[in-house]
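*Asks:* If you want the building blocks of each chain, they are given just below.
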Amino acid sequence: MNDDVKLGGLAWHLAVLSLTAIGGGVVLVAPDVHHYVSVQNHWLTDEQFAAMYALAQAAPGPNLLFVTLIGWMIKGWLGAVVVTLAAIVPSSCLVLALGTVINRHGGGEGRWAGALRDALAPLAAGMLAGAAWTFLSVAGAGWRGIVLALAAAAAAYATKLNPLWLIALGALAGAIGLV
Amino acid sequence: MQDARVGCWALFKVFSHMAMQGFGGVLPFAYRHLVERTQWLTAAEFGQLLSIAQLLPGPTICNLSVMVGQRYAGAAGGFSALAGLLLGPFFIVIALGAAYQGLAHHPLFVNAMRGMAAAASGLILATALKLAVGMLRGPAQKPPAAADGGGGGVDVARTLFWRRVVQVALLVAAFIGLGVAKVGLITVVATLVPIGFLLFAFVWRKP
Numbered sequence: 001m002n003d004d005v006k007l008g009g010l011a012w013h014l015a016v017l018s019l020t021a022i023g024g025g026v027v028l029v030a031p032d033v034h035h036y037v038s039v040q041n042h043w044l045t046d047e048q049f050a051a052m053y054a055l056a057q058a059a060p061g062p063n064l065l066f067v068t069l070i071g072w073m074i075k076g077w078l079g080a081v082v083v084t085l086a087a088i089v090p091s092s093c094l095v096l097a098l099g100t101v102i103n104r105h106g107g108g109e110g111r112w113a114g115a116l117r118d119a120l121a122p123l124a125a126g127m128l129a130g131a132a133w134t135f136l137s138v139a140g141a142g143w144r145g146i147v148l149a150l151a152a153a154a155a156a157y158a159t160k161l162n163p164l165w166l167i168a169l170g171a172l173a174g175a176i177g178l179v
Numbered sequence: 001m002q003d004a005r006v007g008c009w010a011l012f013k014v015f016s017h018m019a020m021q022g023f024g025g026v027l028p029f030a031y032r033h034l035v036e037r038t039q040w041l042t043a044a045e046f047g048q049l050l051s052i053a054q055l056l057p058g059p060t061i062c063n064l065s066v067m068v069g070q071r072y073a074g075a076a077g078g079f080s081a082l083a084g085l086l087l088g089p090f091f092i093v094i095a096l097g098a099a100y101q102g103l104a105h106h107p108l109f110v111n112a113m114r115g116m117a118a119a120a121s122g123l124i125l126a127t128a129l130k131l132a133v134g135m136l137r138g139p140a141q142k143p144p145a146a147a148d149g150g151g152g153g154v155d156v157a158r159t160l161f162w163r164r165v166v167q168v169a170l171l172v173a174a175f176i177g178l179g180v181a182k183v184g185l186i187t188v189v190a191t192l193v194p195i196g197f198l199l200f201a202f203v204w205r206k207p
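Protein chains in written order, with the numbering used here: chain A, 1 to 179; chain B, 1 to 207.
Fair warning: there could be bad hints in the mix.
Below, simulated BS3-like cross-link-like pairs (lysine-lysine); rule was C-alpha separation at most 27 Å, straight line [what the hints assert, rightly or not]:
1. A:K160 x B:K130
2. B:K182 x A:K6
3. B:K130 x B:K206
4. A:K6 x A:K75
5. B:K130 x B:K182
Distance windows between CB atoms, simulated [claimed, not checked]:
6. B:I195 x A:V16: 17 to 27 Å
7. A:T45 x B:R205: 46 to 56 Å
8. A:L178 x B:F202: 32 to 42 Å
9. B:A157 x A:V81: 29 to 39 Å
Simulated from the structure, these hints should not be mistaken for laboratory data.
We put the beta carbon where it would ideally sit given N, CA and C, even for glycine.
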């Protein structure tokens with residue numbers, strides 16, 4: 001398959017998925033994008049895929065920029081630009097469209113908007129947890145990785161520590177062979 | 001909200017400034033810039049927009065930037081804020097990717113990346129936890145205003161109880177769907193959003 005076809009397929013896949021990514025761009029990580037990129041098409045190994053996400057988490061800006069890196073690995077600068085736009089423009093247009101309504105009605109206090117928000121909140125939390133869980137197995141860190149992830153989660157939940165410190169501690173734990 | 005209009009360029013600048021500071025996450029910096037420095041939003045407005053941004057599809061901080069930009073300068077403002085948020089990080093992420101490719105053969109580096117990835121998944125889990133706790137502590141738990149004597153209060157309490165049960169069930173179903181059964185985002189969303197919406201709109205409405 002040539003690179004343009006790959007890129008087009010990935011861009012379309014991301015554009016559709018981005019409209020369902022309730023809870024944040026992060027829920028795209030796993031299983032969907034991982035399955036498409038690593039399992040179905042073998043463009044990246046699991047190890048590379050996990051590394052792309054970890055790098056995007058450490059870098060400034062939205063973590064969704066891990067897709068930028070995937071596009072870049074597949075087809076350089078063009079890939080990075082196309083994939084980033086595909087993942088962000090559709091959901092942003094949806095927000096613009098809804099924003100008109102939200103700005104006018106003060107955040108949707110009505111019955112229908114309220115019911116929708118009530119339904120979306122548990123899904124956001126559950127899908128984020130599901131994505132985190134799947135991603136952990138992609139990262140291939142075994143039970144010690146699970147312990148590290150739970151410790152990082154507890155620290156991030158209970159303190160106001162900059163997440164960058166937790167990422168750095170994770171890197172250290174990996175480098176000295178604890179994970 | 002201040003009455004003066006904020007231009008696209010100002011939106012671009014403020015959002016790129018906060019994005020470039022946001023190593024490890026932009027949201028804390030978003031609060032500092034939008035509420036404390038520019039005073040474009042009050043703390044309450046920020047909280048309200050954030051909760052909507054989180055529930056809409058797409059990255060939370062991107063959604064927030066689009067909403068704030070749109071509020072001050074329409075669709076062009078929304079895209080200006082978004083562009084400011086993404087432009088700098090775009091290049092930084094690629095620089096990191098290039099460094100990764102250069103180092104990808106060192107075992108030490110590979111091990112460090114594995115630890116980073118595990119910590120990163122812990123951070124996702126923490127976000128999930130914050131959302132779940134916020135939801136369970138939310139308005140649904142407000143004690144019923146049982147000033148009207150017996151019956152009304154009992155009904156309200158029962159509704160609140162069942163709303164809580166449905167919320168927890170949806171959360172668990174979403175986790176199992178995405179994380180264990182791995183049926184994919186679209187299936188999970190297309191199944192659970194209508195179920196939750198119908199239950200909360202018709203059966204257990206917010207009292």
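*Asks:* All hints, please: hold or fail.
*Replies:* Structure-based check of all given hints:
no., hint, result
1, A:K160 x B:K130, "12 Å, holds"
2, B:K182 x A:K6, "23 Å, holds"
3, B:K130 x B:K206, "22 Å, holds"
4, A:K6 x A:K75, "9 Å, holds"
5, B:K130 x B:K182, "23 Å, holds"
6, B:I195 x A:V16: 17 to 27 Å, "21 Å, holds"
7, A:T45 x B:R205: 46 to 56 Å, "49 Å, holds"
8, A:L178 x B:F202: 32 to 42 Å, "52 Å, violated"
9, B:A157 x A:V81: 29 to 39 Å, "54 Å, violated"
Checked against the numbered hints given earlier, the structure breaks hints 8, 9 and satisfies all the rest.
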